[in-house]
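Number of protein chains: 2
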Amino acid sequence: MDNEVVAGIDIGGTNTSFALVNGKGEILAEGRTRTDDNPDPDPFIKKLAREIRSLLGKNSKFSFKGAGVGAPNGNYHEGTIELPPNLAWKGITPFADKLSEQLDKPVVLTNDANAAAVGEMMFGGARGMKEFIILTLGTGLGSGFVVNGRVVYGHTGFAGEYGHVIIKPGGRECGCGRQGCLETYVSATGIVRTAKIFMEKRKDDSLLRHINPADIDSRKIAEAAAEGDKLSIDAFDYTAEKLALAIVNAIVVTSPEAVFLFGGLTKAGKLLFDPLQKHVDRLIQPVFRDTFKILPSALPEANAAVLGAAGLAWKEL
Amino acid sequence: MDNEVVAGIDIGGTNTSFALVNGKGEILAEGRTRTDDNPDPDPFIKKLAREIRSLLGKNSKFSFKGAGVGAPNGNYHEGTIELPPNLAWKGITPFADKLSEQLDKPVVLTNDANAAAVGEMMFGGARGMKEFIILTLGTGLGSGFVVNGRVVYGHTGFAGEYGHVIIKPGGRECGCGRQGCLETYVSATGIVRTAKIFMEKRKDDSLLRHINPADIDSRKIAEAAAEGDKLSIDAFDYTAEKLALAIVNAIVVTSPEAVFLFGGLTKAGKLLFDPLQKHVDRLIQPVFRDTFKILPSALPEANAAVLGAAGLAWKEL
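Quick note, the sequences are listed as chains B and Z, same order. For the first sequence, the working numbering assigns the number 1 to the initial residue and increments by one for each residue that follows. For the second sequence, the working numbering assigns the number 1 to the initial residue and increments by one for each residue that follows.
Simulated from the structure, these hints should not be mistaken for laboratory data. Careful: at least some of the hints might be erroneous.
You can't tell identical chains apart in this list, so a pair holds if it fits in one copy or across any two.
[Unchecked claim] Derived DMTMM-like pairs: lysine to aspartate or glutamate, alpha-carbon spacing no greater than 20 Å straight-line:
(1) 130 to 78
(2) 168 to 241
(3) 201 to 36
(4) 98 to 234
(5) 267 to 173
(6) 293 to 2
(7) 65 to 104
(8) 58 to 104
(9) 130 to 205
(10) 270 to 223
(11) 168 to 257
(12) 220 to 257
(13) 267 to 227
Chain B on its own, in the form it takes in the complex:
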């Protein structure tokens, strides 16, 4: 029916965004609320349900099917949020069940990066693709693998943790307690680490040396690289080489039609994509050469997370 809608919900550490989305991926109404710092998730869930019902109440034509949720450490199989590092809720929260009870409609839940994969498949650049990978390059690196038209959740519900593939044994310390994980190199924070190591090891001048070190972020490195700053260009090349290695190693597993890149670091555009393609062409196993494309996500960044969560609801409810 044309008036059917789902709610897409993106739970972040500070704020939670939500929207009513139709089957074409159009946002018909949206809202935002604080993700409470309360260790008990129940008041938050009640508040969120109330605000969604309020959005629905503004247009009596909406036929509400249910909700999709993207959340840090979301477990698709169980509908739970488990030990989220950036949320105040302790232990395991049966979020989907609790929200479903409040809304009296079905609720599906997955982690943020898997939601991004569903969004890309339903409303973005992966429409019509059954085999693709999405890598989200933000503070960390998230990933979603789609095989046979379905997100890979694995036995545990936590599959697709490609930020924690070890690309350099004994390499950089990672927040997960190990060393050499991809996201310590390829993320907004990873490229800052790279630039700072280069600044320490190298003697050449750089625009970055004229910035307060605490203020150096991936955007500033991109700006410097765009102005021709050698050290910053090299930092992008180094990042691109590590990402290329991770991509060619993912290709041999699932042989996708495309690899989509999403998130803050991809705003650097050609500064990232040009050296990335160069290193991928050099490193790719011959049988997979030219069998896949590396593409920027086609979802608008501001709405990608809620669209992904809504896509999950449309796909599964």
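Keeping the supplied structure of chain B fixed, place chain Z upon it in accordance with the hints.
Chain Z in isolation, oriented as in the chain B frame:
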């Protein structure tokens, strides 16, 4: 029906094995024929069909459903064998179509390691599992990834080439033209390379130094290790560490219930599995700790390939 059978066919460089297999994975009749050195595959395909019909003719009760084929460089999507390095056939052979024409029954085809995955799922240790990985450690390293109860073939039909995941950039030269691929370290030939490097670099005595270097193979290294030979034990530990890295990196992608190991090198038993488990426990991402098992294949090695090919036919026809 109880008398239904399929043919399982395993195409090797020298010989091709085939068997009639019922739905329980029991071999009811079997045969073997030379894989011709003729660059034209047609005479071979006709001969193979003739021999299968002859097996079928010996028991008039058989109801023949079709055939499954495991072949080097087999493309599941196309039913083709493409540029096989160890076969005389040039270019792309539409093997499934040609054999189907000769047998007047449907034929499905995949590569050897993917067939092993199906065999494990239908008749081996992965019965009832929907998420697992199989690694075949022979001359090279093959792999099959099973997600949602289906082998991952990918966009190209060539997915699951985990022997060519790069675990050490700039590392050992690989037959694929690149460097540092897993199979250059973890395979029957990889462990021989490791032992020979150790013999060159180290000064300690070793049982291996009393063997003609050309005669050193993975079995001899296993025998020496079993007798307490330090260099050989270290060669297994080194091999196990590389395999552990590859396994923990695969776990973050598909989060399986089990990783099965199959093939010559696994005959070393505890010599391989004990250090492997030790390194996996050290390297695994915390969220996946103790969520999967590393197990030897439960298929009899002598029949695994034809059982895998037969399993494919049972699953898909």
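Evaluated hints:
no. : hint       : verdict
1   : 130 to 78  : between (24 Å within a copy, 17 Å between copies)
2   : 168 to 241 : both (12 Å within a copy, 14 Å between copies)
3   : 201 to 36  : neither (43 Å within a copy, 60 Å between copies)
4   : 98 to 234  : neither (49 Å within a copy, 53 Å between copies)
5   : 267 to 173 : neither (26 Å within a copy, 36 Å between copies)
6   : 293 to 2   : neither (34 Å within a copy, 48 Å between copies)
7   : 65 to 104  : within (10 Å within a copy, 49 Å between copies)
8   : 58 to 104  : within (18 Å within a copy, 64 Å between copies)
9   : 130 to 205 : neither (47 Å within a copy, 55 Å between copies)
10  : 270 to 223 : within (12 Å within a copy, 55 Å between copies)
11  : 168 to 257 : neither (27 Å within a copy, 26 Å between copies)
12  : 220 to 257 : neither (33 Å within a copy, 43 Å between copies)
13  : 267 to 227 : within (15 Å within a copy, 59 Å between copies)
Of the numbered hints stated above, those contradicted by the structure are hints 3, 4, 5, 6, 9, 11, 12, listed in ascending order.
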